[in-house]
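*Asks:* So you can see what is in the structure, the chains are spelled out below.
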Amino acid sequence: MLASIVTTEWYLVLAAMLFSIGMVGVMVRRNPLVLFMCIELMLNAVNLTFVAFARQNGDIGGQTTVFFVMVVAAAEVVVGLGIIVAILRRRPTATTDDLAELKG
Amino acid sequence: MLDLVWLIPALPLLGFLVLLVLGRKLGDPVAGYFATAMVGLSFLVTVGVFLDLMSLDAEARTEQVTTLFSWVAVGGLHIDLAFLADPLSITMCLFVTGIGTLIHLYAVGYMHGDSRFSKFFLYLNLFAFSMLMLVLGSNMLVTFLGWEGVGTCSYFLISFWHERESAATAGKKAFVTNRVGDWGFMMAMFFAFWAVGSLDYLHINEAAESLSVTTATAIALFAFVGACGKSAQLPLYVWLPDAMEGPTPVSALIHAATMVTAGVYLMCRISPLFEVTADYAGTIIAVVGAVTALFAATIAVSQNDIKKVLAYSTVSQLGFMFLAVGSGAYVAAIFHMVTHAFFKALLFLGSGSVIHGMHHEQDMRRMGALRKFMPITFGTFIVGWLAIAGVPPFSGFWSKDEILLAAYDKSIVLWAVGLVTALLTAFYMTRQVIMVFYGEARWHDAHEEHGAHGDYHAHDTEPHESPWMMVLPLVVLAVLSFAGGFINMPFSHETEKLATWLEPVLHPHETDTAKLPLALAAIAAGLVGIAIGFAVYYFKKLKPVEPKILLDGWGYDRAISNFMGGPGRKAFDAIAWADAHLVDGAVNGTGKLVQATAGKARRVQTGNLRNYAAAVGVGVVLLLTWFVIVRGIL
Numbered sequence: 001m002l003a004s005i006v007t008t009e010w011y012l013v014l015a016a017m018l019f020s021i022g023m024v025g026v027m028v029r030r031n032p033l034v035l036f037m038c039i040e041l042m043l044n045a046v047n048l049t050f051v052a053f054a055r056q057n058g059d060i061g062g063q064t065t066v067f068f069v070m071v072v073a074a075a076e077v078v079v080g081l082g083i084i085v086a087i088l089r090r091r092p093t094a095t096t097d098d099l100a101e102l103k104g
Numbered sequence: 001m002l003d004l005v006w007l008i009p010a011l012p013l014l015g016f017l018v019l020l021v022l023g024r025k026l027g028d029p030v031a032g033y034f035a036t037a038m039v040g041l042s043f044l045v046t047v048g049v050f051l052d053l054m055s056l057d058a059e060a061r062t063e064q065v066t067t068l069f070s071w072v073a074v075g076g077l078h079i080d081l082a083f084l085a086d087p088l089s090i091t092m093c094l095f096v097t098g099i100g101t102l103i104h105l106y107a108v109g110y111m112h113g114d115s116r117f118s119k120f121f122l123y124l125n126l127f128a129f130s131m132l133m134l135v136l137g138s139n140m141l142v143t144f145l146g147w148e149g150v151g152t153c154s155y156f157l158i159s160f161w162h163e164r165e166s167a168a169t170a171g172k173k174a175f176v177t178n179r180v181g182d183w184g185f186m187m188a189m190f191f192a193f194w195a196v197g198s199l200d201y202l203h204i205n206e207a208a209e210s211l212s213v214t215t216a217t218a219i220a221l222f223a224f225v226g227a228c229g230k231s232a233q234l235p236l237y238v239w240l241p242d243a244m245e246g247p248t249p250v251s252a253l254i255h256a257a258t259m260v261t262a263g264v265y266l267m268c269r270i271s272p273l274f275e276v277t278a279d280y281a282g283t284i285i286a287v288v289g290a291v292t293a294l295f296a297a298t299i300a301v302s303q304n305d306i307k308k309v310l311a312y313s314t315v316s317q318l319g320f321m322f323l324a325v326g327s328g329a330y331v332a333a334i335f336h337m338v339t340h341a342f343f344k345a346l347l348f349l350g351s352g353s354v355i356h357g358m359h360h361e362q363d364m365r366r367m368g369a370l371r372k373f374m375p376i377t378f379g380t381f382i383v384g385w386l387a388i389a390g391v392p393p394f395s396g397f398w399s400k401d402e403i404l405l406a407a408y409d410k411s412i413v414l415w416a417v418g419l420v421t422a423l424l425t426a427f428y429m430t431r432q433v434i435m436v437f438y439g440e441a442r443w444h445d446a447h448e449e450h451g452a453h454g455d456y457h458a459h460d461t462e463p464h465e466s467p468w469m470m471v472l473p474l475v476v477l478a479v480l481s482f483a484g485g486f487i488n489m490p491f492s493h494e495t496e497k498l499a500t501w502l503e504p505v506l507h508p509h510e511t512d513t514a515k516l517p518l519a520l521a522a523i524a525a526g527l528v529g530i531a532i533g534f535a536v537y538y539f540k541k542l543k544p545v546e547p548k549i550l551l552d553g554w555g556y557d558r559a560i561s562n563f564m565g566g567p568g569r570k571a572f573d574a575i576a577w578a579d580a581h582l583v584d585g586a587v588n589g590t591g592k593l594v595q596a597t598a599g600k601a602r603r604v605q606t607g608n609l610r611n612y613a614a615a616v617g618v619g620v621v622l623l624l625t626w627f628v629i630v631r632g633i634l
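Line by line, the protein sequences give chains F and L. In terms of the working numbering, the first sequence opens at residue 1 and continues consecutively. In terms of the working numbering, the second sequence opens at residue 1 and continues consecutively.
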């Protein structure tokens with residue numbers, strides 16, 4: 001049975017890989033949109049761990065939390081995309097390195 | 001009436017506020033009459049409170065506290081704005097408001113035509129308010145409020161004619177000198193709070209017995225430093241003679257009758273402390289008083305300014321009061337304070353009347369023969385002269401005699417100094433009376449000079465008698481100066497009315513010394529002083545001795561200026577340098593250090609998103625490492 005072979009550790013390793021990809025992406029990529037996708041990747045990696053543990057423990061709480069994370073992420077995407085669109089309209093070629101007005 | 005005691009200071013305060021808003025509109029002379037009425041009403045309330053207090057038992061008279069509101073409540077410190085109506089404070093209130101009313105009325109005449117007429121009365125009302133707060137305050141902080149208030153008003157009024165440089169300087173001098181004394185008062189408050197945990201006089205006096213000798217002595221002596229400043233004793237007397245730059249009603253009210261007696265009042269207020277203090281506390285006070293009395297009396301002998309004589313005389317008489325306090329005769333001190341308030345206010349107002357009549361001439365060498373031109377002023381001045389010279393049955397004799405008796409019990413040396421001072425007092429006052437009212441008229445030549453200055457009175461060179469509102473207070477005060485002594489006659493317990501009245505508050509001074517010989521000695525001293533005065537200045541049998549050093553006040557003033565201008569100045573400069581470089585240096589250095597650090601540290605904020613992300617990532621890794629490896633979780 002597949003379900004018995006695929007233990008929680010598998011999900012955790014996958015989540016760790018997804019999270020690492022997302023994290024490296026945030027650190028090395030300069031395109032705001034790609035940056036954004038990387039953040040989503042990290043969020044969903046965390047969601048995956050929640051769901052995995054929820055299944056292992058038979059506790060619905062982890063899945064509930066995931067719904068909250070998704071809702072908040074959706075709201076964040078709306079705001080974040082709005083900002084990115086606004087910036088790219090003024091400076092179509094802008095990367096995150098160019099947006100350093102707040103430096104000390 | 002007792003719960004209406006707050007009205008006593010409130011009425012002058014109301015007068016002050018009204019004059020502040022409407023003063024100019026009311027103008028000359030309505031503003032003056034209004035201010036007079038306010039103090040007059042305050043006097044009536046005081047009389048009511050006094051009668052109420054009389055109807056109480058002697059014991060109940062000491063604890064009539066009226067609390068208005070809680071003023072300061074911080075931790076263990078609770079201070080109410082409260083008034084203490086007891087025989088001592090009400091006695092003070094009676095003569096402060098009574099004489100205050102007379103002097104307000106007098107000032108309506110004296111200040112007539114002044115361009116800042118209403119402002120003068122505004123200050124006078126504010127002064128009356130502050131003085132009454134000082135007297136009625138049930139704790140040291142309320143007294144201190146009044147203490148500072150009278151000091152401020154004194155400053156305003158001394159430099160009332162601030163266009164004159166000397167007046168402005170004199171005001172500043174009074175203010176600065178008083179600050180030295182205020183330091184002593186504050187130290188006394190801190191010590192009292194530290195030792196007793198309260199600033200209420202009732203608490204302090206109750207706890208006095210349980211205080212250690214050192215603590216009680218410290219409180220008493222620091223309070224005495226404060227008293228020295230306010231009551232112009234050595235070494236802080238210098239401001240009072242200069243304070244004569246103010247208008248004469250101010251000199252009479254503030255610098256003779258009321259404010260300068262505040263120090264003596266404070267000493268009497270905390271007198272139970274003196275039961276506990278080391279013996280030397282009383283001795284110090286008595287010696288300072290006696291030395292000041294003699295010192296100032298010698299200076300008064302050579303002064304030519306009519307008001308300066310009276311100013312030094314005031315310093316000298318205040319010295320007498322401190323001599324009494326130091327000798328443990330508090331009733332005698334208060335008694336002399338009251339009679340002195342009568343006759344010195346009378347003498348000052350008389351001199352003001354002379355100055356007014358002489359068109360602002362103050363030099364006695366340019367007066368003379370005024371008795372024909374100013375008969376009422378002359379008559380009342382004579383009463384004041386006999387009272388201060390200690391001729392029985394005038395009031396000054398009775399009170400001075402009691403002080404000398406107490407001084408004799410303390411030490412025969414103090415008594416001798418007091419006696420010599422009494423002789424000098426009689427002498428210089430005789431000199432003043434003769435120079436002003438007798439001899440030939442010396443003002444004609446003076447007024448020709450004045451004419452050259454375009455004085456608008458120049459054509460009318462004859463001195464004239466003053467208007468009714470100036471003469472009336474003179475007459476009333478003359479009656480009081482004559483009869484004021486009868487409130488405390490030393491014949492039996494029955495006749496010592498003031499002592500009986502004050503007994504719940506002030507310990508009576510008990511003595512076995514025979515009173516008659518001392519009284520005869522005091523009378524003799526007064527008469528000898530007068531006789532010498534007549535011999536020198538009237539019959540001109542003896543040459544006057546008026547050394548220049550006495551005119552300069554023993555050079556004390558100059559010595560202080562030289563010291564402060566020389567070594568003192570250098571010390572202040574050094575302190576200022578230390579302040580600018582060491583203290584400010586430390587503060588500014590800290591600021592600069594923070595600025596420099598921040599300048600370096602702000603480069604961390606690159607504004608580059610990926611750097612922040614890296615920082616967060618590294619931070620997470622480090623935290624994880626710490627939790628897993630160091631703390632061993634998992």
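Worth flagging that the hints you see were computed from the coordinates, not collected in a lab. Warning: the hint list may mix true and false statements.
In silico DSS-like links for lysine-lysine, alpha-carbon gap of 27 Å or less [unchecked claim]:
| no. | chain 1 | residue 1 | chain 2 | residue 2 |
| --- | --- | --- | --- | --- |
| 1 | L | Lys592 | F | Lys103 |
| 2 | L | Lys308 | L | Lys543 |
| 3 | L | Lys570 | L | Lys543 |
| 4 | L | Lys600 | F | Lys103 |
*Asks:* Work down the list of hints and note, for each, if the structure agrees.
*Replies:* Evaluation of the provided hints:
{"no.": "1", "hint": "Lys592/L - Lys103/F", "in the structure": "holds (22 Å)"}
{"no.": "2", "hint": "Lys308/L - Lys543/L", "in the structure": "holds (22 Å)"}
{"no.": "3", "hint": "Lys570/L - Lys543/L", "in the structure": "violated (45 Å)"}
{"no.": "4", "hint": "Lys600/L - Lys103/F", "in the structure": "holds (13 Å)"}
The structure fails to meet hint 3 from the earlier list, while all remaining hints are met.
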